[in-house]
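Asker: So the chains spell out like this:
Number of protein chains: 2
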Amino acid sequence: LATRDQQWADVQEDETHSSAALSWVSSANTADTDFPIQNLPFGVFQKDGTARIGIGIGDQILDLRWAYQKGMLSSLGGLAPLCAEATLKPLMEKGRAAARQVRRLAFQLLHAGSAQQERVRAGLVSMQEAEMMLPVEIGDFTDFYTSVHHARRGGKIARPSSPELFPNFKNLPIAYHGRASTVVPSGTLCRRPWGQFLTGSNDLSHMAPTQKLDFELEVGCYVGPGNHHGQPIALVDTPQHIFGVCLVNDWSARDIQRWESQPLGPFLSKSFMTSVSPWVVTLDALQPFQVPPADRGDDAPRLSPYLDSPEHRLKGGLDITLQVLLRTSRMREDGRDAAVVTETRYANQFWTSFQMLAHHSSNGCNLRTGDLLSSGTVSDSEQSRAGCLFELTWDGTTPIPLPNGEQLTYLSDGDEVVFRGRCSRDGYRSIGFGTCSGLVIPALSQYPGARA
Amino acid sequence: LATRDQQWADVQEDETHSSAALSWVSSANTADTDFPIQNLPFGVFQKDGTARIGIGIGDQILDLRWAYQKGMLSSLGGLAPLCAEATLKPLMEKGRAAARQVRRLAFQLLHAGSAQQERVRAGLVSMQEAEMMLPVEIGDFTDFYTSVHHARRGGKIARPSSPELFPNFKNLPIAYHGRASTVVPSGTLCRRPWGQFLTGSNDLSHMAPTQKLDFELEVGCYVGPGNHHGQPIALVDTPQHIFGVCLVNDWSARDIQRWESQPLGPFLSKSFMTSVSPWVVTLDALQPFQVPPADRGDDAPRLSPYLDSPEHRLKGGLDITLQVLLRTSRMREDGRDAAVVTETRYANQFWTSFQMLAHHSSNGCNLRTGDLLSSGTVSDSEQSRAGCLFELTWDGTTPIPLPNGEQLTYLSDGDEVVFRGRCSRDGYRSIGFGTCSGLVIPALSQYPGARA
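Protein chains in written order, with this note's numbering: chain B, 2 to 453; chain F, 2 to 453.
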């Protein structure tokens, strides 16, 4: 078992984490890029009508199919053809060591001293010209509820006369199954959904476009190798089963959610759409930013053994700073940039991504390559650092002033929501996640299912 | 729009519904077969190591790949090669008219007057020798909560001091997303899952094999052609989007469910396994058994227009009689048959399969070919006709006596649970669903994730 010192020695010896490393792709060396050579995230993009795997570097993408066809991946042996597939699934299946080999080879091809610079340059595609797609077909999408601050504040708003937290919260990472068919890549327009909700104090619901459209700022991870049905994954093995991490916007309709959720949880209030950032940041790239999980507090019950390990206590947390930016249609018309409406930290979650995976499989449920596990809303202890408008505006009752004087409650048609995430640590190069964005468009004018 | 009389005229004119029709496969002509020539359900089975589509007839399967290779499906044109695939997906995608064409051709090949009897006989495989598989890869599995009797009785047991029904129940078909990766074909062993639950009256949970393992008797339907993301399906169009119907056992761990379900609904208490009967009975075969939906009662709110249509009022219900049989290990040792522990009717559900589909897509959520929508527990108004042990035994407090004197509360290791379903109507041949069965095996002896 690695001690904390050994862990850091490993990270420090790894040339791909060296803050001194530079790329010959100049945009990868700017201070504000999310994709310096220390990151090298995986994604799938479309070019010439075909989907390809790429690695993000600065504002460019290294086309791995092209690199494979040019024979540049031959040192990867049997892994090389997997890099020429149209989805990340075959590579994800091979596990963490495989992803590490590909990332290291990309590092060699792209670092400033590479002898192959001139050859490789022809395989770069500008991010501006590429259409990013889902990295993998998602078999099952699971959404957790791992922020104690989100749970507490949500409880205060929704159930003011009851205890803030349900008694189970600190015993297990609560979750529900989400809808896989409506997970879409960043940039997909978000159509305001219709649904049933209450308008008065009586129990008469009506069907209308939601009046409480919200975002949920989340961090997702993709399952690499899966487990067999019936065989739980031990917490210490979970890092071998996570391919990488992305940002997730679990768009929510709060009025529909409130009406439909008893007793089986949210359904149509979430299933209309979930956006993901298209770049998958590998666990290897995140190694320098693994930190101890957040303090559980004095009143927390002892952790069940399947959710605890000495290694996890050292580095179960991921220190990711998250931001939500918003641009209204008026801001867009006036040429204004998007405004930051909240900023929060993933390291403060009560449960970690590794605990989610261990819990999910603890009943024998099999996870499959490409499954997406998301954190639920990432909210901090202060209300102004919450991860959704339900909390930030106290269910729409206390608007947030925007820089141009507009008042933000829930989302309006024309609002554009942009998530960003970034990892920073003294002595290391900061890396980021790119964006997870979506523009809200008006509801269908027709009643659902009505014929023209 | 078809009136009720026109509808019955159509059904009566259809030779595949004629009670006089017989098959040259003699086992299809017995009174108790589930698979007379009036049924002809679709399934996928394994033979010689390859998966094939088959049609059930008596105790035999017509191998459609074989029939395709022998040129017997040429009248199907472009549909013929789809019958030689390893999954039903390509055929399901083509919609109800395609399934109808294949079923009609099978009727011609298999009916007693068929000139091709001798040729076709070589394409029969005994059901006893075939291993049945999932008919299609299930993208998303959704489980509803559509029995008012189940909801009421469950409310009484779980929340004795609150109103039995939540106020939303009669306004919309409540549902939650289930786990697709653990949907398995009938016959798969059900391993008792570990999980967290409370044992005392305090809030100290512990991790142990569930002590309240239950079945849930449900009726599922498979989506045929899907809808585009953002485009709801009108209730009147839903019959074109349902390929067919099967039985579903949504195995449940009631102690885990009780502890984990607030506020987001059941998760690990359900995701360890869900069994489906492998034969998919088409909507065409079910036509004679379409009945008006159950009476909503005087106190029910007016139906939202997207959940109502004149046609649906005529034939939204499906009249399926459902049975649960159970055989303990002692009964097996003593050579006893399984005993019927409950019998109930799908026609008494408060919401129908068609309303489920319309509601599911009403927010624009896209359903995809092969998605499974299940009804939730089918329970009748009498406690003895409930669809799960939670109700039948009042959460394990009032055991059911079995014929050999054993007392049934929750499921024990070695118990075998068998679901059956059957449609009957005067003037029509009864058709059935085959079985959805599973044998309970002991929990893993090791703590979840512990290493040997």
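Worth flagging that the hints you see were computed from the coordinates, not collected in a lab. Misleading hints may appear alongside valid ones.
[As the list claims (entries may be wrong)] The calculated lysine-lysine pairs, modelled on DSSO-like cross-linking and capped at a C-alpha distance of 30 Å, are:
no., chain 1, residue 1, chain 2, residue 2
1, F, K90, B, K95
2, B, K48, B, K71
3, F, K48, F, K95
4, F, K48, B, K90
5, B, K48, B, K95
6, F, K90, F, K48
7, F, K90, B, K48
8, F, K171, F, K157
9, B, K157, B, K171
10, F, K71, F, K90
11, B, K90, F, K171
12, F, K71, B, K157
13, B, K171, F, K157
14, B, K90, B, K48
15, B, K157, F, K95
16, F, K71, F, K95
17, F, K95, B, K90
18, F, K48, F, K71
19, B, K71, B, K95
20, B, K90, B, K71
As the structure is a computational prediction, the values presented were derived from the model and not from experiment.
Asker: Each hint: holds or not?
Answerer: Here's how the hints hold up against the structure:
{"no.": "1", "hint": "F:K90 <-> B:K95", "result": "holds (27 Å)"}
{"no.": "2", "hint": "B:K48 <-> B:K71", "result": "holds (17 Å)"}
{"no.": "3", "hint": "F:K48 <-> F:K95", "result": "holds (25 Å)"}
{"no.": "4", "hint": "F:K48 <-> B:K90", "result": "holds (29 Å)"}
{"no.": "5", "hint": "B:K48 <-> B:K95", "result": "holds (25 Å)"}
{"no.": "6", "hint": "F:K90 <-> F:K48", "result": "holds (19 Å)"}
{"no.": "7", "hint": "F:K90 <-> B:K48", "result": "holds (29 Å)"}
{"no.": "8", "hint": "F:K171 <-> F:K157", "result": "holds (17 Å)"}
{"no.": "9", "hint": "B:K157 <-> B:K171", "result": "holds (17 Å)"}
{"no.": "10", "hint": "F:K71 <-> F:K90", "result": "holds (22 Å)"}
{"no.": "11", "hint": "B:K90 <-> F:K171", "result": "violated (43 Å)"}
{"no.": "12", "hint": "F:K71 <-> B:K157", "result": "violated (68 Å)"}
{"no.": "13", "hint": "B:K171 <-> F:K157", "result": "holds (28 Å)"}
{"no.": "14", "hint": "B:K90 <-> B:K48", "result": "holds (19 Å)"}
{"no.": "15", "hint": "B:K157 <-> F:K95", "result": "violated (50 Å)"}
{"no.": "16", "hint": "F:K71 <-> F:K95", "result": "holds (23 Å)"}
{"no.": "17", "hint": "F:K95 <-> B:K90", "result": "holds (27 Å)"}
{"no.": "18", "hint": "F:K48 <-> F:K71", "result": "holds (17 Å)"}
{"no.": "19", "hint": "B:K71 <-> B:K95", "result": "holds (23 Å)"}
{"no.": "20", "hint": "B:K90 <-> B:K71", "result": "holds (22 Å)"}
Violation of the numbered hints given earlier is confined to hints 11, 12 and 15; the remaining hints are satisfied by the structure.
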